[in-house]
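Chemist: Single-letter residue listing:
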Amino acid sequence: MKRIYAREEFCLGCRLCEIQCLVRHSKSKKIIKAFRQERDQITPGVMVESAGHVTFAMQCRHCDSAPCLEACITGAMHRDPKTGAVLCDADRCVGCWMCVMTCPAGAVRRGKDQKAASKCDLCAGDKTPVCVLNCPNEAIVYEER
Amino acid sequence: MRRWLVQPEFKVERDPARCIQCQVCVRQCANDVHSYDEDDELVSSDGASCVGCHRCATLCPTGAIAIGRSQLDFKPNANWTPENIRNVYKQAEGGGVLLSSMGNDKPWRVYWDHLLLNAAQVTNPSIDPLREPMELVTYLGRKPDQVRVERGPDGKAKLATEIAPQLKLRTPIMFSAMSYGSISYNASRALAQAAAEAGTFANTGEGGLHTDFRPYASNMIVQVASGRFGVDPDYLNIAAAVEIKIGQGAKPGIGGHLPGEKVDAAISRTRMIPQGTDAISPAPHHDIYSIEDLLQLICAIKEATGHRKPVSVKIAAVHNVSAVASGAVRAGADIVAIDGLRGGTGAAPTTIRDNVGIPIELALAAVDSRLREEGIRNRASLVAAGSFRSAADVAKAIALGADAVYIGTAAAVAMGCHLCQRCYTGKCNWGIATQDPFLTKRLNPDVATRRLTNLLRGWSLEIKEMLGGMGVNAIESLRGNREHLRAVGLSDREMAILGVKPAGE
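Chains as they are written, first to last, in my numbering: chain U, 1 to 145; chain P, 1001 to 1505.
Since the hints were derived computationally from the structure, they do not count as laboratory data.
C-beta: ideal position from N, C-alpha, C; glycine also.
Be a bit skeptical, because a hint or two may be false.
What the hints assert, rightly or not - Capping the alpha-carbon separation at 25 Å, the derived lysine to any residue pairs in SDA-like fashion look like this:
| # | chain 1 | residue 1 | chain 2 | residue 2 |
| --- | --- | --- | --- | --- |
| 1 | U | K30 | P | E1013 |
| 2 | U | K29 | P | P1274 |
| 3 | U | K33 | P | S1044 |
| 4 | U | K27 | P | A1217 |
| 5 | U | K33 | P | K1106 |
| 6 | U | K33 | P | A1414 |
What the hints assert, rightly or not - A few chain P residues facing chain U, derived, Cβ under 10 Å:
| # | residue |
| --- | --- |
| 7 | R1014 |
| 8 | A1017 |
| 9 | V1097 |
| 10 | P1437 |
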């Protein structure tokens, strides 16, 4: 399946990926409104990790053998049969955070509402995820490898 | 605290209605203009150290940042301009030589803007370049005085004249010398890749050729300059051509200085100097004090490369440029590159950059005329450099007599340069003129390569349109054909030097 890959050698650490992810997952989809009114409710699915000048964008790897799927006690964490993406059904998530504990990439986080796990959903079937579209230096790519 | 008399040049305005406190600007500015106050949860800006590079404004996702000129105006004075006053303040404070980067920004006459191209009407029909082939291929190098054709034993005609080594360009535009060191690894890589992709040449400058770029060596011209950095037999033989750099348009008569802080392990290996030491290129070549000395170096390089590579001599456009060019051709140069008044640089004394040299248009016309008069024009190709801003400038240069042009500033702009003229600080926010690992990674060489090849493609298409309009189907038909140019607003003397007629004549 197509996955998102980081090219750390070209990541600026600007965090525009996080910003655009937040906007994409907001209700309004408008950047200023999303930041003014919804910032506290949305957790971006992508995080920029940095140590010195080394930075890269990290999001769910949508592992073939996903520990979060194994660990989920309610079946909220599931794999989309069509796309292969690992997704979290917020309605079924009870907030036990076992997925957060087991994710080897640290890519599953508690949602800002503290109720359900939050993670990358590959922009819910969009042709290209917004972090990839908006990276100013093409340091995030979406491709089959 | 003592007040510093130099007031900020720029004013950074942040629209509070649009700013979302995302801090992209804070993370992108190498000059610390923007900062985030965690207590107030507020991003604020201080224009004092802003250089006007627009990095923040370009990356701001909401367009909340505007950069303007500082509104603090001096009393109007046509003689003591704000720049003059500010420069005196700076020197009164520091007592040093003022530095600047990129090309001359003073309002010297840009002759390209006083020259107009021709087009065919009725009697000489124009050609549609989208329907008919249009030739831009250019060969640089010595052309024979005459061509002899003989018949072989099989009765077939074959060329009996030995042709000197030539550079084949798909389009008459090459990338100027920009050394690895003055620009980043990624920028150097992009130039090399783009030259290879577009079928033209990039120039190493006096920075040596990084081992990673050796695969592109057949599209590289390597420079031998006064510091001789990075020069060894392998360097000379792997490249397509060798260029002896005598001068640079931005700083004729001045050498170069790459500060030791920029000489990291890779640059030290490439330049063949110890890590952390200043790379100082002397003003003259200490073994060249005459045309005869230049001849010796040209011959030495030709011997070292087995007479298989064209040798170029790059000179700055100065008062007696045509005599120097003539000497260079007689000394055996296969290509003479002339760099004009507005040519760029990574660092130069401002006063030199702004006041020394002559415009490339006049220098090019003068050299081309002189070489023709002396009957030696065929012995060398002419490459013009020193600020080509568009395809029209290139076409006009070709008509004035250039075989090809070098673009440096335009290439840097294509990669993202905003001409803030602060290359010498080493804090290029666009990742071009810097060695800071936080900044160099901002230039993805694949993106930059694409942008460079796009620029060359766009300009080449435009040149073809102009050629078609003139009713010619090859760049050769425009080359040195000043009948295709007319001048507007120039004096008789200027037109005489340029060899062009006034519009209407």
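Chemist: Under the criterion of a CB-CB separation shorter than 10 Å, is P:A1017 in contact with chain U as hinted?
Modeler: holds, 8 Å
Chemist: Does P:P1437 pass the interface check with chain U, least Cβ-Cβ distance below 10 Å?
Modeler: This interface hint holds because 4 Å falls under the 10 Å limit.
Chemist: Could you grab the alpha-carbon distance between U:K33 and P:S1044 and see if it respects the 25 Å cut-off?
Modeler: It holds: about 20 Å lies between the C-alpha atoms, which stays within 25 Å.
Chemist: With a cut-off of 10 Å on the beta carbons, see whether P:R1014 makes it to chain U.
Modeler: Hint on P:R1014: violated, closest Cβ of chain U at ~14 Å, above 10 Å.
Chemist: For the pair we were handed, U:K30 and P:E1013, check the Cα-Cα distance against 25 Å.
Modeler: holds, 22 Å
Chemist: A closest beta-carbon separation below 10 Å is what the hint needs, so does P:V1097 meet it against chain U?
Modeler: violated, 32 Å
Chemist: Between the alpha carbons of U:K33 and P:A1414, is the straight-line distance 25 Å or under?
Modeler: It is violated: about 34 Å lies between the C-alpha atoms, which goes past 25 Å.
Chemist: When you check the alpha-carbon spacing of U:K33 and P:K1106, does it fall within 25 Å?
Modeler: Measuring from Cα to Cα gives roughly 45 Å; hence the hint is violated.
Chemist: Taking only the CA atoms, is the gap from U:K29 to P:P1274 under or equal to 25 Å?
Modeler: Distance of about 55 Å is beyond 25 Å: violated.
Chemist: Take the C-alpha atoms of U:K27 and P:A1217, compute the straight-line distance between them, and say whether it is at most 25 Å.
Modeler: Roughly 53 Å between the alpha carbons, so the hint for U:K27 and P:A1217 is violated.
Hints 2, 4, 5, 6, 7, 9, counting from the list given before, are not met by this structure.
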